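Asks: Sequence:
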Amino acid sequence: MVRYLTERLPLMLAPGWIDHEVQPIAIRDILSYLTLAADHPPLGILNIGADRLTFRRMVETYAELRGLSRVIWTVPAFMPQLAARWIGAITPIPNALAVPLVQGMVQSLVADTDRAHNIFPMIEPIDYRTAVSLALVRVEKGEVETRWSGALGHGPTAELEDSEGLARETRSRMVHANPDAVFRAFSGVGGERGWPAWEWAWILRGALDRLVGGPGLRRGRRHPDEIFPGEALDFWRVEAAVPPRLLRLRAEMRLPGRAWLQWEAVPEAGGTRLVQTALFAPNGLLGTAYWYGLYPFHQFIFSAMVDALARRAEADPMLLDRLSA
Numbered sequence: 162m163v164r165y166l167t168e169r170l171p172l173m174l175a176p177g178w179i180d181h182e183v184q185p186i187a188i189r190d191i192l193s194y195l196t197l198a199a200d201h202p203p204l205g206i207l208n209i210g211a212d213r214l215t216f217r218r219m220v221e222t223y224a225e226l227r228g229l230s231r232v233i234w235t236v237p238a239f240m241p242q243l244a245a246r247w248i249g250a251i252t253p254i255p256n257a258l259a260v261p262l263v264q265g266m267v268q269s270l271v272a273d274t275d276r277a278h279n280i281f282p283m284i285e286p287i288d289y290r291t292a293v294s295l296a297l298v299r300v301e302k303g304e305v306e307t308r309w310s311g312a313l314g315h316g317p318t319a320e321l322e323d324s325e326g327l328a329r330e331t332r333s334r335m336v337h338a339n340p341d342a343v344f345r346a347f348s349g350v351g352g353e354r355g356w357p358a359w360e361w362a363w364i365l366r367g368a369l370d371r372l373v374g375g376p377g378l379r380r381g382r383r384h385p386d387e388i389f390p391g392e393a394l395d396f397w398r399v400e401a402a403v404p405p406r407l408l409r410l411r412a413e414m415r416l417p418g419r420a421w422l423q424w425e426a427v428p429e430a431g432g433t434r435l436v437q438t439a440l441f442a443p444n445g446l447l448g449t450a451y452w453y454g455l456y457p458f459h460q461f462i463f464s465a466m467v468d469a470l471a472r473r474a475e476a477d478p479m480l481l482d483r484l485s486a
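At position 34 of the sequence shown the residue is numbered 195 (this note's numbering), and the sequence of numbers has no breaks.
Any given hint could turn out to be false.
[What the hints assert, rightly or not] Beta-carbon label-pair distances, calculated as ranges: (1) Pro405 / Leu243: 29 to 39 Å; (2) Leu270 / Trp234: 21 to 31 Å; (3) Met283 / Leu372: 50 to 60 Å; (4) Asp386 / Leu174: 36 to 46 Å; (5) Leu207 / Glu475: 52 to 62 Å; (6) Pro405 / Thr235: 52 to 62 Å; (7) His337 / Val267: 20 to 30 Å.
Keep in mind that the hints were calculated from the coordinates and are not lab data.
These figures come from a predicted structure and were not determined experimentally.
Yeah, the Cβ is synthetic: ideal placement off N, Cα and C, and Gly gets one too.
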């Protein structure tokens, strides 16, 4: 909730109880307590928490770490139900979750952690600022593979999701080819070979990017088939390349946010599942409007692209040679 509100609202109207104290704790510290408690005799109820700070300070700290300028105005007559519905309207957090979160801020929520510290002195909860910094590092480094891996599986072939401040579009196709052929298909995109669908749209996007000072498509790629992390690929940068499993590109075009495009080749009985994921971390409301404004076009472009890559993999010459041998 802190991430969504801070990323999307340059001016935040907040209730007076935004200055009540809370005591957040990092998930890694909760897991440490649970792990040690499993090998300990029953303890009853233990209060755990890290440093005490206000919700206002939580927002301000997140903004500082992200380099965002945010203004918070206090509105005294701001009822909890109204605040929860406001959060539900501008973030993907459902009202069923937003209501208890907001109600929890109406009163100060601080814990007496002395007993927990005496029983588990080896656990020193990290402070809020450090916890947020560690969480942001994963996105800054593009360490988003774990939330993508195995996406969809046997479920729907297309999915739009907005969670943890990240918008994600995932599409998958079952391909009658081995993972090597599927990897060759998606690792060969860009450069002189171009993009597998809606080529004119990619060319137009590259031209627009150059007009605003971005790299456009002029950089091409070093080699038509070989690809390594760190290389430029049109207006993308190769962030991860793991043959024959995964290719992840990070956008270097001018955008109101950060974007990635990833393909995975997941072995399954009878072939390989091709999973294509586009991820976008918007900057503010402009970034959110940009992503959802383009979503209708993404439906055509990204669907056509995953279909074209599936066909390219099934028509792979090396695969056809082995089948005819």
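Asks: Hints first: check each against the structure and report whether it holds.
Replies: Now for the hints, and whether the structure bears them out:
1. Pro405 / Leu243: 29 to 39 Å: violated (53 Å)
2. Leu270 / Trp234: 21 to 31 Å: holds (23 Å)
3. Met283 / Leu372: 50 to 60 Å: holds (57 Å)
4. Asp386 / Leu174: 36 to 46 Å: Given range 36 to 46 Å: violated, Cβ gap about 54 Å.
5. Leu207 / Glu475: 52 to 62 Å: holds (57 Å)
6. Pro405 / Thr235: 52 to 62 Å: holds (55 Å)
7. His337 / Val267: 20 to 30 Å: Distance hint for His337, Val267 is violated at roughly 57 Å.
Checked against the numbered hints above, the structure violates hints 1, 4, 7; every other hint is satisfied.
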